[in-house]
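Q: When you get a sec, could you build the whole thing from the sequences and use the hints?
Protein chains: 2
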Amino acid sequence: MLHLKEFMDERIGIINDELAKYINKLNAPSNLKKSMNYSLMAGGKRIRPILLFATLQAFQKNLNLGLPVACALEMIHTYSLIHDDLPCMDDDDLRRGKPTNHKVFGEAVAVLAGDGLLTYSFQIIMESDQFTPEQKVALVYELAKAAGPEGMVAGQLADMEGENGNLSLQELEYIHLHKTGKLLAFPIIAATILADCDREVKKELAEYAKHIGLAFQIQDDILDVEGTTEKLGKTAGSDTENNKSTYITLLSLEGAKEKLNEHLSKARAILERLPIDTTLLLEITDLIGKREN
Amino acid sequence: MLHLKEFMDERIGIINDELAKYINKLNAPSNLKKSMNYSLMAGGKRIRPILLFATLQAFQKNLNLGLPVACALEMIHTYSLIHDDLPCMDDDDLRRGKPTNHKVFGEAVAVLAGDGLLTYSFQIIMESDQFTPEQKVALVYELAKAAGPEGMVAGQLADMEGENGNLSLQELEYIHLHKTGKLLAFPIIAATILADCDREVKKELAEYAKHIGLAFQIQDDILDVEGTTEKLGKTAGSDTENNKSTYITLLSLEGAKEKLNEHLSKARAILERLPIDTTLLLEITDLIGKREN
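Those protein sequence lines, which keep their order, are chains L and Z. Residue numbers for the first sequence follow the working numbering, beginning at 2 and rising by one. Residue numbers for the second sequence follow the working numbering, beginning at 2 and rising by one.
For the record, the hints were derived by calculation from the structure and aren't laboratory data. A couple of the hints might just be wrong.
Pairs count within a copy or across copies, as identical chains cannot be separated in the list.
[To be verified] Derived lysine to aspartate or glutamate pairs resembling DMTMM-like cross-links, with alpha carbons at most 20 Å apart: (1) Lys62 / Glu135; (2) Lys104 / Asp91; (3) Lys35 / Glu162; (4) Lys35 / Asp94.
Bear in mind the structure is a predicted one, so any value in this text is a computation, not a measurement.
A: Next up, the structure:
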């Protein structure tokens, strides 16, 4: 695994620097910048940017081409966490072991920091001089669809409405495909846009993205049962405590693990038949099944 | 004034229909669509779309060319009102005489409806088949800048931080130029993008937009003192009650009216020297100085 680990360490350093620069150059009230920066730098795993860079690598493209998109994506992911943690939503005091944004800056600033990150993410893509107008249009279209009322926002609402209810497996998949799946798939789709790859490869990679998105979520449910609070950085067993429908409650622990392996196998099979160098993506796929937080 | 009134009535009908269509075709949870639709259709004056259409008219462009942008703009304006009314922000129960979004749908749905409208607005512009990729890029760039952390979001934060404080005239202008000015200017800038007009005219119209944005806000402050709750559809005298810095507290009522007329005169002077048919824009400029709500 050394190969992927080195790749990740290097890329995480680069993206953290770039995110800081984007906030720093903003002509905005200092408290707004501080609040946006606080959550952006709160120790995210940068899994979405890593997926973007690994897919660009598979196409042998210059990785830095993906930097503005990776930053935009991480801003949208961060905005969704800030709003999700609000008292009127999940009401979380801690995120990755640190006080949540509204605990530090107050609710009003947290709402605005989220709004600001979301809007800035589209600006960043438009400002970049690395893309053609056609690429910019495709990137923002896909990003808005993945994050908006047909994507992540739909998933968050469905998740909220489904709480404490008895969901079917189909309803649970709808939630995950939208709440987390679409934004996990976006970096892979974005890389295909930047690589101008052909339609067939694009379709295969979109299917791959769907499988790893669901695998990621199933592993999340498994970790909630098998993980420790220390390793997770959040309270283990909270799904059971909150009486949430999960892959475990619907399929049993054994069934959930089978489902996880099914998605990972399908994801691997796609990578293996593609005419590109998928070494890194294969390692990431393995990592998703083995992650401990 | 019949000319402008007919133009407005017709255009408001068209944009209301189009907004309803945009929400209707969304593939999203029904409660999310209802909540987005509720605030979009809550009786807004559509002043921003009217400015866009009137500017397109000045360039003798097909007005329907502006429809997707007008809808996107109205969605962003509406999102900002929903988030602004939240208990953690202005905590308003009524907006245009109707219960605010969170009063009807709950806070969590209101947050998500705002997030959804904001994100969808960018998607709409990208989806349109009426614009070139270059126009789409310019439109989304200007819209994100006007609405984001260097525009409206900055103004909202500065406004919040300035509450109950003694602001200078310069600080008050910063707040208005950002909180409302940039999004009032955007439709005019958007029309210059769609008309592919030359740089000099663009610059003049941007200056015009700045003046009417400030005039609009000064008239808002005057109406809070001179208007009636019935005509305003919101509580008159609330600025005084909340001890807010306004153009009246800083310049006196007389001084505020002078400032208003100064901006309107400058706005008219720009329109009169432009080589386009600014009849409608001149009427709108007059209307801003005479509006009662």
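Q: To test your reading of the hints: which numbers does this structure violate?
A: none
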